[in-house]
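Generate the whole structure from the sequences, applying the supplied hints.
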Amino acid sequence: MMPEVGLQSYLLLGALLFVCGAVCMAMKRNAIGVLMGVELVLNGANVNFVAFARFNSTFEIEGQIFALFVIVMAAAEAAIALAIVLNFYNNHMTVDVDTAEELKG
Amino acid sequence: MESPGLLYVAATFLPLASFLLLLLGGGLRAAAKPVRDTPLGGSIFRGLGGDAPIKTGAYIATGAIGLAFVLSLIGFILFKQDHPHEAVEHTAPHQEAVEHAAGADVVQDWRLSPLSLADPSRWSVSVDWASLNMGSRPATTLSLGYHIDSLTTVMFLMVSFIATLIHVFSIGYMGDELQPTVEDHQVHTVDGHLRRRGRFGRFFLFLSLFCFSMLNLILADNLFQVFLSWELVGICSYLLVGFYYERRSASNAAIKAFVTNRVGDAGFIIGLLILWTYVGTLNFEDLFRKIRLPENDIANVATASSLRHRIVRAAVVPGEAPSRDGQKLQISAGGDQVVLFPEYSRHSEEVRKALDTGIVDAKFAPRTGQLGSMPYWVLVVAGLGIFLGCVGKSAQFPLHVWLPDAMEGPTPVSALIHAATMVAAGVYLVGRCFPLFTPEARLVIAYTGGITLFMAATIAIVQTDIKKVLAYSTVSQLGYMMLALGVGGWIAGLFHLITHAFFKALLFLGSGSVIYGCHHEQDMTKMGGLYPKMKVTAITMLVGMLTIAGIPLFSGWYSKDAILAQALGFVQEYPKHILLFLLPLLTAGITAFYMFRLWLLTFAGKPRDEHVYEHAHESPRTMTVPLIILAVFSVAVAWGWPLYDAEASVLNSTIEQSEPLSAKIEFATVHAFAHGSHALAGNLALGLVLVALIFASLIYHSRVLDPEEAKQQFPGIHRFLWNKWYVDELYSAIIVRPALTVAHWCRKFDTRVIDGTVDATARGVVQLSRWDGRFDLGIIDGLVNLTARVVFAVGGRLRTVQTGYLRSYILFLVLAAIGIFAVLSYFVAFVRAG
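So the sequences go chain by chain: A and B.
Numbering follows this note's numbering, in which position 8 of the first sequence is assigned residue number 11; successive positions increment by one, without gaps.
Numbering follows this note's numbering, in which position 219 of the second sequence is assigned residue number 1152; successive positions increment by one, without gaps.
Since the hints were made in silico from the structure, they are not lab data.
It should be emphasised that the depicted structure is a prediction, and the values quoted were computed from it without experimental measurement.
Hints should not be assumed to be uniformly reliable.
Unchecked claim - Chain B side only, calculated, beta carbon under 10 Å to chain A, not exhaustive:
#1 Thr-1736
#2 Gly-1737
#3 Tyr-1738
#4 Leu-1739
#5 Arg-1740
#6 Ser-1741
#7 Ile-1743
#8 Leu-1744
#9 Leu-1746
#10 Ala-1750
#11 Ile-1753
Stated by the list, open to error - Some chain A residues flagged as far from chain B (calculated, every beta-carbon gap over 12 Å):
#12 Glu-7
#13 Leu-15
#14 Phe-21
#15 Ala-25
#16 Phe-69
#17 Ala-78
Glycine is no exception: its CB is placed at the ideal position from the N, C-alpha and C atoms.
As structure tokens, this is what we get:
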């Protein structure tokens, strides 16, 4: 018999995903890579939402709805971010985020 | 003619119209001067004379005063028709008084002039000028008006006639002033003599204003109007004496004349205010009616007939305390109160009752028909105050010092103002206000006149400036008039006023002619022997000299004898005042001496200064004709038939018509004595005059006696007289110098204390604001700047946080999230733990 998979495991997975995404965002110089890190972070959060929806009956619906919202939002976010990256590329002929430093104080 | 008095009003306003015209012309010329390049401005400017003064103004002024003379002549004739002169013939003053005393009384007109048979409204009108609404107080209205009596008519004729002649004379005398530039040899500037524009028009402008003021003064029926004119006359004198105001001596003389007159006017104002407060009116007739017991109330009251036209004195009834609105008085000769009678008392029962019983119910604020009272000494002060004004204007001791200095003005001015008319104003006013003077005040007047006439005559003996001699002679003659009025010689004083005006104008114009002929040389020691060169002037001046000396049948003889007789009469009644006769008698001789000396020094003998003699010439006809006319009048103005009788002349009888009844009655015995001793006084004076004339010709003509020797023999007296009795020095020591010292102190106080305080305050404020500035810059601004600098520095540091590297942002983001998470967890754990 398979041991019962508890809430803790889900939260650990979510955290792992979150940390991987965050590290990816922080480390990658390629803008596409950064976007990928963002997706990882969002999905890490989604895992938490869904897990709480499964294990805490108070949030049964809310958790799932929130997960859906996050997915939709991630799609919109990806579309906008890719458009920005494309424009950035047109202007700088690269997608290295370290070259985007015009906004520094 | 309905109201012939208006003729006089018109005659008064003619010179004023001329004054305004000249003022307008001069003003227009001055206004057009800056724009004289434009066609309109240029034509106005050139039409009014351009750079050189024009004669038109003089013709306007002369025409105005000439017309005024014609009008007053017509007025005089009409007046004479209205007031036929008959009653006086058979009732000489003293007889009339006796008749009245016997009770042969008729209700006479209560007007000022006892013989005004005509309707009074034809000759006098008064209109309210300013009213004060003060309820029941008596004195609430200032009025302007005219009152013509025989004195006014005579004065009008005299003033307008002499003024006309002087205007004509001035057209010639002031000819120098017609040039565009006049060089004044007596004013030195850095580059030679002063050069200025001629002031021909201005001279006639001032003359016109003067004539108006003088005529208005004579015309006035109340003291207020007199006072207005009095001041106007004073300012005209100031302007004309200071006509050559660039000369220091002239401007000083003008100021001296003005200030000295101001001293007198202070007294005048005091007198006016006393009368206004206590008597409640300034109208002459009303004043006299209130102060003197009126004629009409005493009919059938035998006890009161001795009081008629007298100041009725009364004492407070013992035991009767004054109530709120009045007091009970007992009529008594030595009482300390004066009864004031109602203004309209023709049938006043109150007055009748008071006179019957001798008890007066005097109200403090009397209404119509009621009696009032005022303290006697206040009335004395009022009289003395008015007299002080006259002392100033008529140059009597001790205020005579301005007149000789006033000779700095042009000679026609000296003749018009300081000989004939203005100085006569004081004498005129004393005559006009005669019923207001108490016996004490009259004695002061007499002694003032006596001292003045003697003092001025002695000073005149040693003066060498021809105009100064005449000035002192004027002062002396005015003293005669004052003395005459003081001893009750009302007619004699005013008679002399008129004759003096003629001969003194003649003498002054004659001296003007001499000065003009000698090219403005006034020192008699440089003249001499001028007779062949200026015959007309010499002869007319000889006439004037004989007139003033009192040679029989010249007009001065009549008037001076009348004064001396009056003085002798007074002394006969009051022997302790014998000086009042001796002084004028002696001075009659002195007068003849110094006048003959003047004539001899000027016209007779050998020329003492070749330069002056060479260039001397007779004056033009505009100047000699007035001299001849004045000479004729000087001789004949007092003639009547029989020729030797002074009282027979038209002049004398006309003046007599105005004599206040109070003068007639109070001095009835004096008049009687004077009448008896007329010949004695006249002969004494004539003897002295002849001796003086012989003496003068011995000294100055045949040179039997040497004036230099006399001078050396009596050096003290000569120095005393030469320095004019040291009056100027005395004033300088006791008034002028202390005043200057006080002024210096005040100035020092001003510059040291007042200015010092102000300056110290200013310096303190400057210092304070300097500190305040430092505080502002250092502390307030410093704080603000420090804040800004701190913020700037912090910002500079913080900006490095914004690296622009996306990855570092994310790193911070994550770290912050972790941090927040950690804190939140800690707080949650804390809350859970409770």
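Report holds if the minimum CB distance from A:Glu-7 to chain B is greater than 12 Å, and violated otherwise.
26 Å, holds
Should the label of A:Ala-25 as a non-interface residue stand, given a Cβ cut-off of 12 Å to chain B?
With a cut-off of 12 Å, A:Ala-25 comes too close to chain B, as the shortest Cβ separation is near 5 Å.
Supplied contact hint for B:Leu-1746, tested at 10 Å Cβ to chain A:
8 Å, holds
Status of the B:Tyr-1738 interface restraint (C-beta, 10 Å, chain A):
6 Å, holds
Far enough from chain B: is every CB of that chain over 12 Å from the CB of A:Leu-15?
Non-interface label stands for A:Leu-15: nearest chain B Cβ at 16 Å, farther than 12 Å.
Would A:Ala-78 pass as off the interface with chain B, using Cβ distances and a cut of 12 Å?
21 Å, holds
Minimum C-beta separation from A:Phe-21 to chain B exceeding 12 Å: can you confirm that?
9 Å, violated
Is the shortest C-beta separation between B:Leu-1744 and chain A less than 10 Å?
Holds - the Cβ of B:Leu-1744 comes within 10 Å of chain A, reaching about 5 Å at its closest.
Non-interface claim for A:Phe-69, where every Cβ of chain B lies beyond 12 Å:
18 Å, holds
Interface restraint verdict for B:Ile-1753 against chain A (beta-carbon cut-off 10 Å)
14 Å, violated
Can the hint on B:Arg-1740 be confirmed by a CB-to-CB distance to chain A that is less than 10 Å?
5 Å, holds
Minimum Cβ distance from B:Ile-1743 to chain A below 10 Å?
5 Å, holds
Taken one by one, the earlier hints fail for this structure at numbers 11, 14 and 15, listed in ascending order.
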